[in-house]
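Engineer: Residue numbers (the numbering used here), protein chains in the order written: chain A, 2 to 240; chain B, 2 to 261.
Worth double-checking, as some hints may not be accurate.
Anything over 10 Å on all C-beta distances counts as not near chain A; from chain B, calculated [to be verified]:
no.	residue
1	51
2	66
3	81
4	85
5	143
6	152
Short derived list, chain B residues pointing at chain A, Cβ under 10 Å [said to hold, decoys possible]:
no.	residue
7	78
8	80
9	104
10	161
11	167
12	171
13	189
14	192
15	244
Just so you know, the hints here were simulated from the structure itself, not pulled from any lab data.
No experiment lies behind these values; they were computed from the predicted model shown.
In this text, a Cβ means the ideal position worked out from N, Cα and C, and glycines have one as well.
Take a look at the letters that make up each chain.
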Amino acid sequence: MIDWSVIATSLPDFLAGLKVTLLLLVISLSTGLLLSVPLAVARVSSNPLLSKPVWLYTYVIRGTPLLVQLFIIYYGFAQIDLIRNSSAWPLFREAWFCAWLAFSINTTAYTTEIIAGALRATPAGEVEAAKSLGMTTFDLYRRILLPGAFRRALPQYSNEAVGMMHATAIASTVTLVDLTRVARDVYANHLATVEAFGTVAVFYFVLTFSLIGLFRLAERHWLKHLRAQVAAPSTLVAK
Amino acid sequence: MFSLRSVVFAICTLAAVSATAQAPDWKKIRIGVEGNYPPFSQITPDGKLSGFDIDIANGICAQLKAECTLIQQEWDGMIPALNVRKFDAIVASMTISEERKKAVDFSDPYYDVPSRWIAKAGAFKEATPDSFKGKKIAVIRNSPRAKFVADNFKGSETLLVNKETDVYLELAAGRADIGFGSSVVSGEAFLKKPEGKGFAQVGPAVNLGGGAGVGIAVRKGDDALRQKINGALKAMMADGSYKKLATKYFDFDVSPNRAQ
């Protein structure tokens with residue numbers, strides 16, 4: 002049977018782990034979002050000097066596992082004297098910094114492709130109309146292309162955010178004590194499988210559904226025009 | 002089509018087979034090993050398990066004329082994996098401790114080596130809580146060594162790593178100031194290697210288990226297997242095969258009885 006006392010005594014540890022998981026998720030996702038907007042614009046540019054490097058970056062990052070990327074940054078860089086002796090070493094010394102860097106680089110690549118795809122899906126008519134009004138390229142992006150792309154990208158981006166949340170478990174391999182690490186420690190110390198991994202599953206489950214709920218709210222707000230309009234005909238029938 | 006009768010028959014047969022598996026004669030033993038604890042347990046470049054633990058495990062099986070399967074398991078889930086029957090015994094340099102005795106039964110010790118402090122040569126004069134105050138100590142998590150550091154070095158930060166070899170990786174990378182590890186692993190796998198250049202032992206050796214040594218863990222109540230393992234260990238020490246194995250790896254005595 003479930004030993005509730007194990008869960009009760011380790012609850013503070015789980016909450017501390019939740020804090021680490023959430024913080025890592027928030028700082029990585031916000032960095033990724035911030036960087037991916039200019040990168041996506043470069044990615045769809047007709048100038049190959051702009052688009053090709055970004056293509057190469059997303060191609061390489063999306064083609065390798067996050068775990069490998071994290072290990073290269075955490076263990077690999079520590080063995081390169083050039084980095085060990087550089088002024089950046091105090092940063093790379095910290096597991097937090099390495100995890101943030103690896104996660105940001107990873108989610109930036111995926112988010113860049115999501116936004117770039119949404120930019121490409123802009124109806125040609127919108128662009129033509131904007132151009133016929135004499136908008137500059139900057140105005141075109143600011144007023145037409147990016148707002149439309151963000152709306153279209155929202156459902157896909159929510160998947161990326163949830164995926165990233167689950168991927169934070171990988172941080173436990175570089176000494177960060179996140180939710181997964183806490184679960185494994187509880188498992189190792191109390192030998193209670195269901196208690197350790199069941200509890201952590203509930204935590205992840207609640208996190209996932211909170212994230213999905215937040216994105217639902219955002220979609221309801223920004224994608225209002227896509228919702229089926231059923232209210233009007235039914236009121237007619239009632240009368 | 003499956004008839005109800007054939008399904009019932011199949012279930013009964015399965016139940017009968019698993020019932021006979023309940024009382025094993027230990028002609029087949031599955032042994033959990035680790036692989037990240039050189040020179041006791043390591044993976045060779047061609048992907049094979051090797052080391053003192055591995056040789057001991059194979060030696061016991063040869064004594065018992067049993068067919069053995071070695072199963073590699075991360076340190077972290079070693080005891081849970083034993084208890085959910087992924088394997089029947091753990092030969093993974095596991096120090097015999099009171100906490101672990103609550104979860105598993107141990108054989109007689111098959112070796113005993115102390116723990117050691119390692120740091121940059123000259124960085125520390127002595128291994129005391131005062132001299133390590135505010136410094137970062139790397140130690141393998143969920144272990145007697147981690148407990149010892151947490152209990153006695155409260156003024157120091159600890160960096161809990163997942164594998165013994167990570168203690169030395171983190172130490173060499175400069176992520177920790179002091180490493181606390183096995184005297185043998187730190188010596189053989191770090192200090193004697195190019196990576197360990199400039200590092201040295203700090204202070205005297207530390208005996209954690211109160212000289213209890215390192216034993217082979219079996220599930221609680223698996224006394225037949227425990228007795229068999231003890232018998233095999235005794236035979237190996239008597240016929241010299243233990244010594245032959247040990248000298249392959251160590252130029253000093255690691256046997257548990259050397260103090261007596």
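Engineer: If a hint holds in the structure, say so; if it doesn't, say that too.
Structural biologist: We went through each hint and held it up to the structure:
1. Distance to chain A confirms residue 51(B) as a non-interface residue, since its nearest Cβ pair spans about 23 Å, more than 10 Å.
2. Every Cβ of chain A is farther than 10 Å from the Cβ of residue 66(B); the closest lies at roughly 32 Å, confirming the non-interface assignment.
3. At roughly 5 Å from the closest C-beta of chain A, the C-beta of residue 81(B) falls inside 10 Å, breaking its exclusion from the interface.
4. Listed as outside the interface, residue 85(B) is inconsistent with that label: its C-beta sits roughly 7 Å from the nearest C-beta of chain A, within the 10 Å cut-off.
5. Not every beta carbon of chain A lies more than 10 Å from that of residue 143(B), the smallest distance being close to 4 Å; the non-interface claim is violated.
6. The Cβ of residue 152(B) sits about 15 Å from the closest Cβ of chain A, beyond the 10 Å cut-off, so the non-interface label holds.
7. At about 7 Å, the closest approach between the beta carbon of residue 78(B) and any beta carbon in chain A falls short of 10 Å, and the interface hint on this residue holds.
8. Nearest Cβ of chain A to the Cβ of residue 80(B): about 6 Å, under the 10 Å cut. The hint holds.
9. The interface hint given for residue 104(B) holds, since its Cβ lies 6 Å from the closest Cβ of chain A, which is under the 10 Å cut-off.
10. Against a cut-off of 10 Å between C-beta atoms, the interface hint on residue 161(B) holds, since the closest Cβ of chain A lies about 7 Å away.
11. Interface hint at residue 167(B): satisfied, since its Cβ lies 8 Å from the closest Cβ of chain A, which is below the 10 Å cut-off.
12. The interface hint given for residue 171(B) holds, since its Cβ lies 8 Å from the closest Cβ of chain A, which is under the 10 Å cut-off.
13. A least Cβ separation of about 20 Å between residue 189(B) and chain A goes past the 10 Å threshold, and the interface hint is therefore violated.
14. Because the smallest distance between the Cβ of residue 192(B) and any Cβ of chain A comes to about 18 Å, over 10 Å, the interface hint for this residue is violated.
15. Interface restraint check: residue 244(B) against chain A, minimum CB-CB distance 34 Å, threshold 10 Å, status violated.
The structure does not agree with the numbered hints 3, 4, 5, 13, 14 and 15 stated previously, though it agrees with the rest.
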